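Novice: For the numbering used here, add 5 to where a residue sits in the sequence shown, where the first one is 1.
Do not take every clue at face value.
[Stated by the list, open to error] Here are the computed lysine-lysine pairs in the PhoX-like style, where the Cα-Cα straight-line distance is at most 25 angstroms:
hint: 1; residue 1: K96; residue 2: K54
hint: 2; residue 1: K75; residue 2: K29
hint: 3; residue 1: K96; residue 2: K167
hint: 4; residue 1: K167; residue 2: K199
hint: 5; residue 1: K59; residue 2: K37
hint: 6; residue 1: K54; residue 2: K81
hint: 7; residue 1: K54; residue 2: K29
hint: 8; residue 1: K98; residue 2: K167
hint: 9; residue 1: K98; residue 2: K75
hint: 10; residue 1: K29; residue 2: K98
hint: 11; residue 1: K54; residue 2: K98
hint: 12; residue 1: K37; residue 2: K54
I should point out that these hints are in silico values taken from the structure, not numbers from a laboratory.
For clarity, every value in this text was computed on a predicted model and none was experimentally measured.
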Amino acid sequence: MNHIERRNAQLPYISDDSVMEEQKVCRRILQKLNFADRSDFDTLAEIVKELLGKSENAFINPPFYCDYGKNIEVGKNFFANYNCTIIDVAKVKIGDNCQFAPNVSIYTAGHPLHPVARNSLYEYGIEVTVGDNVWIGGNTVIMPGVHIGSNTVIGAGSVVTKDIPDWVVAAGNPCRVIREITEEDFEYYYKDRKFDEAAMEEIRRYREETEACRHYEK
Numbered sequence: 006m007n008h009i010e011r012r013n014a015q016l017p018y019i020s021d022d023s024v025m026e027e028q029k030v031c032r033r034i035l036q037k038l039n040f041a042d043r044s045d046f047d048t049l050a051e052i053v054k055e056l057l058g059k060s061e062n063a064f065i066n067p068p069f070y071c072d073y074g075k076n077i078e079v080g081k082n083f084f085a086n087y088n089c090t091i092i093d094v095a096k097v098k099i100g101d102n103c104q105f106a107p108n109v110s111i112y113t114a115g116h117p118l119h120p121v122a123r124n125s126l127y128e129y130g131i132e133v134t135v136g137d138n139v140w141i142g143g144n145t146v147i148m149p150g151v152h153i154g155s156n157t158v159i160g161a162g163s164v165v166t167k168d169i170p171d172w173v174v175a176a177g178n179p180c181r182v183i184r185e186i187t188e189e190d191f192e193y194y195y196k197d198r199k200f201d202e203a204a205m206e207e208i209r210r211y212r213e214e215t216e217a218c219r220h221y222e223k
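Can you make the complete structure from the sequences, with help from the hints?
Specialist: The structure is reproduced here in structure tokens:
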């Protein structure tokens, strides 16, 4: 088994010349993305599609950094704000309607703890998954092997070392569940601040339309 095969099997591997050749492809695309005209949204969207492959309405505000691009799988309407880093040695699966605030980092990669093992140049990548409708706050770090459930919010500055369930607010270092997200949260946009009636009318209409679409798809 060569080192590309070992990496893809989530086994310890060494970044040899064949591994680095794969990374060169990604770095050429990142060069285009990170130095493009940031007001040219259409061109940015095209480069993102080239980087990630299959994606629907994905948008990334550069600068953005990753190792391969091809190992990042995003659902519909993915958005990542400035300075996002995804070290995609292993697969990173992100669901529909996910939003990343600035400086979010996902690390699938790591190195052994023991210095002799680490200096042997062996490293590893373990898959990370993020569900649908997830909002990741700024300066959050997601560690290898983590699964974040759907409809969840991760507070800014969190370090996510363990799985987080669906429908919760979680935050901290290490990241812990603070509370559930309930129907009572629907009317509020920030802490105790409620949506005004004009905005609420639009949100209710959007809810009705999306629920009708789900019913039709079933």
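Novice: Determine which of the earlier numbered hints do not hold for this structure and return their numbers in increasing order.
Specialist: Of the numbered hints given earlier, the structure breaks just one, which is hint 4.
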